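Visitor: Put together the whole structure using the sequences plus the hints.
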Amino acid sequence: MKICMIASEAVPFAKTGGLADIVTSLSKKLSLLGHDVRVVIPRYASISTEKLTPSEATISVPIRFTQEKCEVLQGHFPNSEVPVYFIEHPAFSTRAGYYGGNGSHTYRDNNYRFALLSRAVFPLCRSINWIPDIFHSHDWQTAIVNAYLREFESESEFQHSRGIFTIHNIGYQGIFSKHDLHTTQLSWETCSQEIPQVETALNYMKCGILNADAITTVSPTYAKEIQTEEFAHGMEQLLRERSASLYGILNGVDYDEWDPKHDPHLPQSYSADDLTGKAAAKAHLQKKVGLPVDAEVPLIGLVSRLAAQKGFYELCDPHRGALKRICQEMSVQVVVLGTGEEWLEEELLNLQRRLPNLKVKTTFSDSLAHQIEAGSDFFLMPSRYEPCGLNQIYSLRYGTLPIVRATGGLADTVENYNHETGQGTGFMFNDLSPESIFRTTEWAISIWYEKPEQFRQMQIRAMNSHFSWKDSADHYVKLYQRFLDA
Numbered sequence: 085m086k087i088c089m090i091a092s093e094a095v096p097f098a099k100t101g102g103l104a105d106i107v108t109s110l111s112k113k114l115s116l117l118g119h120d121v122r123v124v125i126p127r128y129a130s131i132s133t134e135k136l137t138p139s140e141a142t143i144s145v146p147i148r149f150t151q152e153k154c155e156v157l158q159g160h161f162p163n164s165e166v167p168v169y170f171i172e173h174p175a176f177s178t179r180a181g182y183y184g185g186n187g188s189h190t191y192r193d194n195n196y197r198f199a200l201l202s203r204a205v206f207p208l209c210r211s212i213n214w215i216p217d218i219f220h221s222h223d224w225q226t227a228i229v230n231a232y233l234r235e236f237e238s239e240s241e242f243q244h245s246r247g248i249f250t251i252h253n254i255g256y257q258g259i260f261s262k263h264d265l266h267t268t269q270l271s272w273e274t275c276s277q278e279i280p281q282v283e284t285a286l287n288y289m290k291c292g293i294l295n296a297d298a299i300t301t302v303s304p305t306y307a308k309e310i311q312t313e314e315f316a317h318g319m320e321q322l323l324r325e326r327s328a329s330l331y332g333i334l335n336g337v338d339y340d341e342w343d344p345k346h347d348p349h350l351p352q353s354y355s356a357d358d359l360t361g362k363a364a365a366k367a368h369l370q371k372k373v374g375l376p377v378d379a380e381v382p383l384i385g386l387v388s389r390l391a392a393q394k395g396f397y398e399l400c401d402p403h404r405g406a407l408k409r410i411c412q413e414m415s416v417q418v419v420v421l422g423t424g425e426e427w428l429e430e431e432l433l434n435l436q437r438r439l440p441n442l443k444v445k446t447t448f449s450d451s452l453a454h455q456i457e458a459g460s461d462f463f464l465m466p467s468r469y470e471p472c473g474l475n476q477i478y479s480l481r482y483g484t485l486p487i488v489r490a491t492g493g494l495a496d497t498v499e500n501y502n503h504e505t506g507q508g509t510g511f512m513f514n515d516l517s518p519e520s521i522f523r524t525t526e527w528a529i530s531i532w533y534e535k536p537e538q539f540r541q542m543q544i545r546a547m548n549s550h551f552s553w554k555d556s557a558d559h560y561v562k563l564y565q566r567f568l569d570a
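Residue 85 is where the sequence shown starts when you use the numbering used here, and the numbers rise one by one after that.
Bear in mind the hints are in silico, worked out from the structure with no lab data behind them.
Predicted, not measured: the structure shown is a model, and the values here were computed from it.
Mixed in with the good hints there might be a few duds.
Derived DSBU-like pairs: lysine-lysine, alpha-carbon spacing no greater than 35 Å straight-line [said to hold, decoys possible]:
#, residue 1, residue 2
1, LYS443, LYS371
2, LYS445, LYS99
3, LYS262, LYS135
4, LYS345, LYS153
5, LYS99, LYS308
6, LYS308, LYS86
7, LYS443, LYS86
8, LYS86, LYS99
9, LYS445, LYS135
10, LYS372, LYS262
11, LYS562, LYS535
12, LYS262, LYS99
13, LYS371, LYS99
14, LYS345, LYS445
15, LYS135, LYS86
16, LYS443, LYS135
17, LYS371, LYS86
18, LYS443, LYS345
19, LYS153, LYS135
20, LYS86, LYS554
21, LYS535, LYS99
Guide: Encoded structure:
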């Protein structure tokens with residue numbers, strides 16, 4: 085099967101979040117299953133051209149009722165034969181950021197930039213004489229690939245190709261003025277079911293949902309949640325209408341990178357059969373972040389973007405936040421790693437100054453992230469919503485029991501502790517509030533102190549959980565085939 089992945093990010097070339105990891109991991113795994121997978125992303129200014137090969141042809145992209153010339157560069161994922169094609173155009177290569185110049189300020193012409201990327205896929209495929217069976221687009225930035233496929237390519241050499249659209253986070257939809265429609269050259273009927281009014285917007289994600297042959301999202305629970313008003317950010321009615329073509333496929337994780345048996349970031353390896361190395365990892369982490377080295381005190385880790393979606397308002401509210409109470413009223417240690425909203429960074433650093441058992445690192449460090457996963461006893465993840473989530477899956481493999489809200493992929497991957505049987509792989513709560521976070525953390529800590537043997541068995545059960553990309557890729561292959569056969 086020929087599969088073209090189109091995305092705005094892919095590691096190691098460009099990354100702001102989990103999308104980049106998913107695109108790369110899924111592409112590599114599909115390739116290993118014998119499929120011809122090729123990936124298309126922009127060539128941002130931060131991507132070095134040193135190891136990229138220029139394509140022989142310049143492609144011409146119909147957009148803004150003219151023809152935009154784009155160069156194409158080619159590379160590969162490290163340790164993989166999967167080709168990556170980079171669209172070279174000043175709209176990408178002369179900008180400092182991927183989506184905006186600094187922080188949350190987005191480029192005003194993102195509608196044009198990502199329409200250009202989405203439309204460029206077709207002349208690119210023609211230029212290399214490669215006709216995909218599947219065009220698999222990801223999030224709002226490439227959602228309108230599906231609209232171009234339906235409106236302009238239904239009678240071309242791509243007429244038998246199918247469009248699959250994956251929603252990684254429905255909170256980000258690519259919303260622009262309806263007057264920007266001319267940039268795309270798409271018709272309004274292709275992009276929306278609504279009669280345009282003064283306040284009507286052009287929504288790239290809606291356009292993808294309307295036109296894709298199938299829509300996927302990154303966990304079964306999230307696929308259900310985004311059909312409800314609470315989680316869908318206004319897309320619930322449309323997704324309910326398309327529910328027969330909506331699938332939740334749980335993301336996998338790369339166990340080559342995230343496994344304490346062979347993690348180079350740890351002072352000592354360990355496994356479910358021998359947890360000695362986990363004790364060494366805890367002592368190493370305590371010493372590294374400046375906490376007292378004490379095996380008898382439970383250590384709670386957080387590695388996260390500091391944002392409302394991740395539950396940090398409930399954790400850090402100056403008047404009633406759960407984190408302050410956890411540190412003051414429980415015999416625990418807490419370490420936080422992450423960057424994000426400025427007031428949250430400042431509040432966490434203020435709490436650190438007042439709480440000797442709290443350490444905060446407002447930076448990004450992949451090495452420290454691995455060490456927190458390994459050295460912590462619990463991993464706190466109180467997300468407002470979580471399409472899939474990866475850190476809770478990493479935590480399971482490292483024997484670090486997750487404390488999570490029962491939402492999205494968290495509900496699909498963590499088994500709640502049963503106090504009667506001792507079964508479970510973590511601790512869950514439903515309502516997102518400071519009190520719920522506090523009480524569930526208190527419950528988890530009580531098991532650590534009062535039922536250490538049950539805690540140890542939970543660790544072993546967690547470490548034996550398995551959420552690999554092989555499982556995810558198999559589900560995608562079956563989905564692709566179903567729509568090719570339709």
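Visitor: Going through the earlier hints one by one, which of them does the structure break, listed in rising order?
Guide: 3, 4, 7, 10, 11, 16, 17, 21
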